[in-house]
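*Asks:* Below, each chain spelled out in residue letters.
There are 2 protein chains.
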Amino acid sequence: MTAMIRSRPLVIDAHRDRNVCLHCQARPFSVCSVISDADLERLGAAAVTVTVQPGHTFIQEGDPAEHFFNVTAGTAKLFKLLPDGRRQVTGFAAIGYFLGLAVSSSYAFSAEALDTVRICRFNRPKLRALLDDFPALEKKLLEVASNELVVAQEQMLLLGRKTARERLASFLIARANLLPHCAGHAPDGAKERIHLPMTRSDIADYLGLTIETISRTLSRFKAEQLIEIPNNAEIVVLKHETLDNIATGMT
Amino acid sequence: MTAMIRSRPLVIDAHRDRNVCLHCQARPFSVCSVISDADLERLGAAAVTVTVQPGHTFIQEGDPAEHFFNVTAGTAKLFKLLPDGRRQVTGFAAIGYFLGLAVSSSYAFSAEALDTVRICRFNRPKLRALLDDFPALEKKLLEVASNELVVAQEQMLLLGRKTARERLASFLIARANLLPHCAGHAPDGAKERIHLPMTRSDIADYLGLTIETISRTLSRFKAEQLIEIPNNAEIVVLKHETLDNIATGMT
DNA sequence: CGTGTTATTGATAGATTTCAATCAATGTGG
DNA sequence: CCACATTGATTGAAATCTATCAATAACACG
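Taken in sequence, the protein lines are chains A and B. The opening residue of the first sequence carries number 13 in the working numbering; numbering runs sequentially from there. The opening residue of the second sequence carries number 13 in the working numbering; numbering runs sequentially from there.
What the hints contain is simulated information worked out from the structure, not anything from laboratory work. The structure displayed is predicted, hence computed values, not measured ones. Ideal Cβ positions, reconstructed from N, Cα and C, are used throughout, including at glycine. Certain hints may be false.
Said to hold, decoys possible - In silico lysine to aspartate or glutamate, EDC-like type, Cα no more than 16 Å apart, as pairs:
no.: 1; chain 1: A; residue 1: Lys203; chain 2: A; residue 2: Glu246
no.: 2; chain 1: A; residue 1: Lys138; chain 2: A; residue 2: Asp214
no.: 3; chain 1: B; residue 1: Lys152; chain 2: A; residue 2: Glu155
no.: 4; chain 1: B; residue 1: Lys152; chain 2: A; residue 2: Asp144
no.: 5; chain 1: A; residue 1: Lys152; chain 2: B; residue 2: Asp144
no.: 6; chain 1: A; residue 1: Lys152; chain 2: A; residue 2: Glu166
no.: 7; chain 1: B; residue 1: Lys203; chain 2: B; residue 2: Glu155
no.: 8; chain 1: B; residue 1: Lys203; chain 2: B; residue 2: Asp144
no.: 9; chain 1: A; residue 1: Lys203; chain 2: A; residue 2: Glu155
no.: 10; chain 1: B; residue 1: Lys203; chain 2: B; residue 2: Glu246
no.: 11; chain 1: A; residue 1: Lys152; chain 2: B; residue 2: Glu155
no.: 12; chain 1: A; residue 1: Lys138; chain 2: A; residue 2: Glu240
What the hints assert, rightly or not - Just some of the chain B residues that point at chain A, by a computed CB distance under 7 Å:
no.: 13; residue: Leu153
no.: 14; residue: Leu171
no.: 15; residue: Met262
Take these sequences, add in the hints, and give me the full structure.
*Replies:* Right, dumping it as structure tokens:
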């Protein structure tokens, strides 16, 4: 029975706990942070908690956009496809990420769980009602969308004008800066161990390269002692500043 | 004297007309459309109308983001630079375009007028006050930002995964779809004359290519009788559907 | 331990860039 | 009014970066 549930790609967690949101560990990182404790019950009532198994596509590009999502655990890759299968990963959604901002009637991208992903799901009418009642939430969403736009423009610069080496350095630096202790810059000697829940293929599709180029470039970084690769899912950044310079095209 | 004024790159139009917004021809295309006629005076009071001369950079990446802009005439190119001068044009802002959505304290991109551009300028505190008073405006901004995000993702797919030929076809189709009469698709025989206020170099920087590749690819499209090039600033689309198929990688 | 998946490494090919020359359009000054 | 310079666009030839094709290697998992 347990095994059967595990194998289901998408599980709606049975809960009618009025306090799901209050104890949600994703709250400080997500749009929900603008909702006061008092109003949180209202939010929880509108949300459905879902667990998505690794590899499962829970948003399909072109499908009617019925839901909005908030990631509370795990990481998902967001991507678009061309008819012949070429893929562009447009981003990785981790804890706190709000998904589904498109006002269009259908999703503009697909989303697939990289590991076990937990999401908070809202349907359109309910979110709309929440937005009407909590202007702060709407403000927060605008803020989130604006930041997303800045990130998207940065990615366009990367995809349009950076070399493979610069792209990968940018990616590693961005990942390193996700680390909790890295509000500022890490000194060039300090080791930063970054976790990569995605495959080399996902990284390639994110950076507009091939898996071979990713592999070769990482090997070269290793040879230059800029990084260490303890295993496929982890990379240790040895020289943050040097990588940062490469990332911004200063070498 | 007139010549002297003409030569100034940025001219603040002298006006204290309470009805500037009421008769603004950009209103139906811009965020202002959600403001009722009655409230429009309030909007006009917060805005400063500015004329920007061709070639002038009126937003500088990294500068403190003091203003928001709404384009009411002309076209501007938005771009980011790498230290060594490599440029990525992230978009073209024409009539109705709202600029400055980043919540950050500094601009994430630069903006340069391609032709004579007229903009409506708001400073941060005044726009914030407007947003507090008109929730519909905030809703509209969120809608605009969300749409921008969809466009940005589409552009990432283009930059990361499309060939030069596909990129240029995508660009031409997008331009053709801007034409007022093109709500739906134009039949493959109908001629669409698209206007290009930007140079080949701007197109190259927008599509992540070089000026030479743009030129070669356009020449090839012409040889294949998909387009005509009456002059550098205009292109006639002869076979919309064929170009559309190329754009989506279906050939 | 096979076995299949994922990653690495090598050799070659190809698309686009780079370098270079020419052409066209526009403007300027003598 | 016409040489001349300037800017933008086109076209050609060569170079380069990355992709593709191919073969191992490393790893995870039952």
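*Asks:* What hints, given by number in increasing order, does this structure fail?
*Replies:* Hint check: 2, 6, 7, 8, 9 and 12 fail, others pass.
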